[in-house]
Amino acid sequence: MKILVPIKRVVDYNVKVRPLSDNSNVDLNNVKMSVNPFCEIAVEEAVRLKESGQATEVVVVTVGGDESQEQLRACLALGADRAILVQSETLLEPLAIAKVLVKIVNSENPNLIILGKQAIDGDNNQTGQMLASLLNIPQATFASELKIDTDKALVTREIDGGLQTISVNLPAVVTTDLRLNEPRYASLPNIMQAKKKDLDIQNVSDLGIDVSNRTSILSVELPPKREAGVMVESVEELVEKLKNEAKVIT
Amino acid sequence: MSILVIAEHDNNELKGSTLNTVTAASEIGGDISILVAGSNSSTVAGQASSIAGIKSVIHVDDPLYENFLAEDLGNLVVAVADGFNYILAPATTFGKNFLPRVAAKLDVQQISDIISVEDGDTFKRPIYAGSCIATVKSSDPVKVITVRTTAFDASLMSDGTATVDSGTPVDSLNNSSFVSDEIAESDRPELTAAEVIVSGGRALGSSENFKIIEELADKLGAAVGASRAAVDAGYVPNDYQVGQTGKIVAPSLYIAIGISGAIQHLAGMKDSKVIVAINKDEDAPIFQVADYGLVGDLFEAVPELTNSV
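Protein chains in written order, with our numbering: chain A, 1 to 250; chain B, 1001 to 1309.
Wrong hints could be hidden among the right ones.
Said to hold, decoys possible - Below are the DSSO-like pairs computed for lysine-lysine, each with C-alpha atoms no more than 30 Å apart in a straight line: (1) B:Lys1273 x A:Lys225; (2) B:Lys1280 x A:Lys16; (3) B:Lys1273 x A:Lys16; (4) A:Lys225 x B:Lys1137; (5) B:Lys1280 x B:Lys1211; (6) B:Lys1273 x A:Lys247; (7) A:Lys32 x B:Lys1137; (8) B:Lys1273 x B:Lys1211; (9) A:Lys241 x B:Lys1211; (10) A:Lys16 x B:Lys1137; (11) A:Lys2 x B:Lys1105; (12) B:Lys1137 x A:Lys241; (13) A:Lys225 x A:Lys243; (14) B:Lys1105 x A:Lys147; (15) B:Lys1280 x A:Lys247; (16) A:Lys50 x A:Lys152; (17) A:Lys225 x A:Lys16; (18) A:Lys103 x B:Lys1105; (19) A:Lys195 x A:Lys50; (20) B:Lys1105 x A:Lys152; (21) A:Lys247 x B:Lys1219; (22) B:Lys1137 x A:Lys103; (23) A:Lys50 x A:Lys241; (24) B:Lys1211 x A:Lys243; (25) A:Lys247 x B:Lys1211; (26) A:Lys197 x A:Lys2; (27) B:Lys1219 x A:Lys243; (28) B:Lys1280 x A:Lys243; (29) A:Lys241 x B:Lys1280; (30) A:Lys241 x B:Lys1273; (31) B:Lys1137 x A:Lys243; (32) B:Lys1280 x A:Lys225; (33) B:Lys1219 x B:Lys1280; (34) A:Lys195 x A:Lys32.
Because the hints were derived from the structure by calculation, they are not lab data.
Extracted from the complex, chain A is given alone in its bound form (with noise of 0.2 Å):
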């Protein structure tokens, strides 16, 4: 079994981002960059169904710049056998996004594809879904536990009530919550090993489909901040304020 990893290169989960001072979008210079999260327990869930024997190869693939490579690598060390950069310039949205992987899927035939459920930077949440949609194959998304059993994949899913469990045929699409694992961190000589496996290059114009975008970004804004309140000393004092001054409760 061939496993597909789509992972996302995003600012990382601790910077706290903020506006460019002409509010056209973040400012994302000299912040740090790396695997967005959920990506991460993908390539982890990929590496241990390798490692358990269920799978035989783990591929990784990017959308984005020729920067991204570092975070392909990164997924190398980890344990991912191969990777593929698809080179944009441009940043793409979602449903772009899918549309490349729709080729790479297709040109690479897996039996799997695990991605994360969002990525932390437009928290958009659509990739998965839609690549599933277009590949008209099956989906479960917010995976909190995956197992394979042959031809079909029995996958339990974070949802609102709590937890529901369904099968999907392979191929799949599966995108991670985050109880699924834990990521392991890469050690030393896996990173030293990661710099001579395979990363291929292709370019996201030769692939002839149409990745423009729908939609402009008018503004990025700081949420209306919230005062800080006040301290209270006591329980008395809290259970007072909330009855007298907020009256929330009675």
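Starting from the structure of chain A, add chain B where the hints point.
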């Protein structure tokens, strides 16, 4: 303009998220139809028809839609969508699951999680865990949108007199199937609809200790929430999680106990009307968004609070 809202329900009852989504639709303006797809769901279709301001209900009742599998529901929405200018669903795990499938089939770039309607093409939405708000303009001829439910009031269910028309199911690809649900049964209010929420974090230390959160919640008639850390540690189930990737809530009163206030948690609760934080670390970021902060040992403060409300 014509707008199609996809109803979220459990085959017995319309979920409140549908009512928030209808309000977003009415802010766009136009004839609003609601699709109720389910199994043995005529009660829900009836409820939908009573929502104020609705023109019609399209009811598709078939065992195929009993569990709202994304493949079948997505294909149905694509079939029903013909002629509509807008397709809206709540940005809950229900809507997030199937709506991007619809958008892709229609060759539309979906706009996720809108918090306001600026005009017919332009919407505001949070990005980077709500650190920034983007104003986004869509050039697609059809708009496919998920709606952040806490950003829009619920539409009223009362005087509506919409017609209910039966629709036809779409053949299934039969490539996915429902196995089981583990839905938590609780007498407490639902997290996303609660007026008061009491949330606990990692500082609780165990699921046993989490009971003090539940006792306070029960005294206040509140829902119980948790930070990601508390869920990861196994103190409470996943559906308690409030935050960027969990539930987005905006109650009248949110009491954060033993929660440090990581940006990912703040993303899920900072629109609450009144925020109370109880934490032993006076530098915890949660105090920066709290209206009332109390520095202290939660194991003393919380039982005392429970006894005095």
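Hint-by-hint comparison with the structure:
Annotation: proposed proximity of Lys1273 (chain B) to Lys225 (chain A) holds, straight-line Cα distance about 13 Å (limit 30 Å). Restraint check for Lys1280 (chain B) and Lys16 (chain A): satisfied, since their Cα atoms lie roughly 24 Å apart, inside the 30 Å limit. About 23 Å separates the Cα atoms of Lys1273 (chain B) and Lys16 (chain A), which keeps this hinted pair within 30 Å; it holds. Distance hint between Lys225 (chain A) and Lys1137 (chain B) is fulfilled; the C-alpha atoms sit about 24 Å from each other, no more than 30 Å.
For a cut-off of 30 Å, the pair hint linking Lys1280 (chain B) to Lys1211 (chain B) stands: about 19 Å separates their Cα positions. About 11 Å separates the Cα atoms of Lys1273 (chain B) and Lys247 (chain A), which keeps this hinted pair within 30 Å; it holds. Taking the CA atoms of Lys32 (chain A) and Lys1137 (chain B), the gap is near 28 Å; set against the 30 Å cutoff, the hint holds. Proposed proximity of Lys1273 (chain B) and Lys1211 (chain B) is supported: the alpha carbons are some 25 Å apart, at most 30 Å.
For the proposed pair Lys241 (chain A) and Lys1211 (chain B), the alpha carbon gap of about 25 Å is at most 30 Å, so the pair holds. Of the pairs offered as hints, the one joining Lys16 (chain A) and Lys1137 (chain B) holds, with about 25 Å between alpha carbons and a cut-off of 30 Å not exceeded. Between Lys2 (chain A) and Lys1105 (chain B), the direct Cα distance comes to roughly 26 Å. Compliance with the 30 Å bound is thereby established for this hinted pair. For the given pair, Lys1137 (chain B) sits about 43 Å from Lys241 (chain A) by alpha-carbon distance, which is inconsistent with the 30 Å threshold.
With a CA separation close to 25 Å, the supplied pair Lys225 (chain A) and Lys243 (chain A) stays within the 30 Å bound. Among the hinted pairs, Lys1105 (chain B) with Lys147 (chain A) is consistent with the structure: their alpha-carbon atoms are about 29 Å apart, no more than 30 Å. For the hint linking Lys1280 (chain B) to Lys247 (chain A), the alpha-carbon distance of about 25 Å falls within 30 Å, and the restraint holds. Taking the CA atoms of Lys50 (chain A) and Lys152 (chain A), the gap is about 16 Å. The hint holds against a cut of 30 Å.
Between Lys225 (chain A) and Lys16 (chain A), the direct Cα distance comes to roughly 14 Å. Compliance with the 30 Å bound is thereby established for this hinted pair. The suggested pairing of Lys103 (chain A) with Lys1105 (chain B) holds, with an alpha-carbon distance near 16 Å, which does not exceed 30 Å. A C-alpha spacing of about 20 Å is found between Lys195 (chain A) and Lys50 (chain A), which places the hinted pair at or below 30 Å, so the restraint holds. Restraint check: the Cα-Cα separation between Lys1105 (chain B) and Lys152 (chain A) comes to about 24 Å, which is no more than 30 Å; the hinted pair holds.
Our distance criterion of 30 Å between C-alpha atoms is met by Lys247 (chain A) and Lys1219 (chain B), whose separation comes to about 17 Å. With a C-alpha separation of about 28 Å, the suggested pairing of Lys1137 (chain B) with Lys103 (chain A) holds against the 30 Å cut-off. Between the alpha carbons of Lys50 (chain A) and Lys241 (chain A) the distance comes to roughly 57 Å, so the proposed pair goes past 30 Å and is violated. Taking the CA atoms of Lys1211 (chain B) and Lys243 (chain A), the gap is near 24 Å; set against the 30 Å cutoff, the hint holds.
The suggested pairing of Lys247 (chain A) with Lys1211 (chain B) holds, with an alpha-carbon distance near 26 Å, which does not exceed 30 Å. At most 30 Å may separate the alpha-carbon atoms for a hinted pair to count; Lys197 (chain A) and Lys2 (chain A) meet this at roughly 17 Å. In summary, the hint linking Lys1219 (chain B) to Lys243 (chain A) is supported, as the alpha carbons are separated by about 15 Å, within the 30 Å threshold. A hinted pair counts as satisfied when its Cα atoms are at most 30 Å apart, and Lys1280 (chain B) with Lys243 (chain A) qualifies at roughly 23 Å.
Simply put, Lys241 (chain A) and Lys1280 (chain B) have alpha-carbon atoms about 20 Å apart, close enough for the 30 Å limit, and the pair holds. About 14 Å separates the Cα atoms of Lys241 (chain A) and Lys1273 (chain B), which keeps this hinted pair within 30 Å; it holds. Our distance criterion of 30 Å between C-alpha atoms is broken by Lys1137 (chain B) and Lys243 (chain A), whose separation comes to about 43 Å. A C-alpha spacing of about 24 Å is found between Lys1280 (chain B) and Lys225 (chain A), which places the hinted pair at or below 30 Å, so the restraint holds.
Taking the CA atoms of Lys1219 (chain B) and Lys1280 (chain B), the gap is about 23 Å. The hint holds against a cut of 30 Å. Of the pairs offered as hints, the one joining Lys195 (chain A) and Lys32 (chain A) holds, with about 21 Å between alpha carbons and a cut-off of 30 Å not exceeded.
Consistency note: the structure conflicts with the earlier hints numbered 12, 23 and 31.
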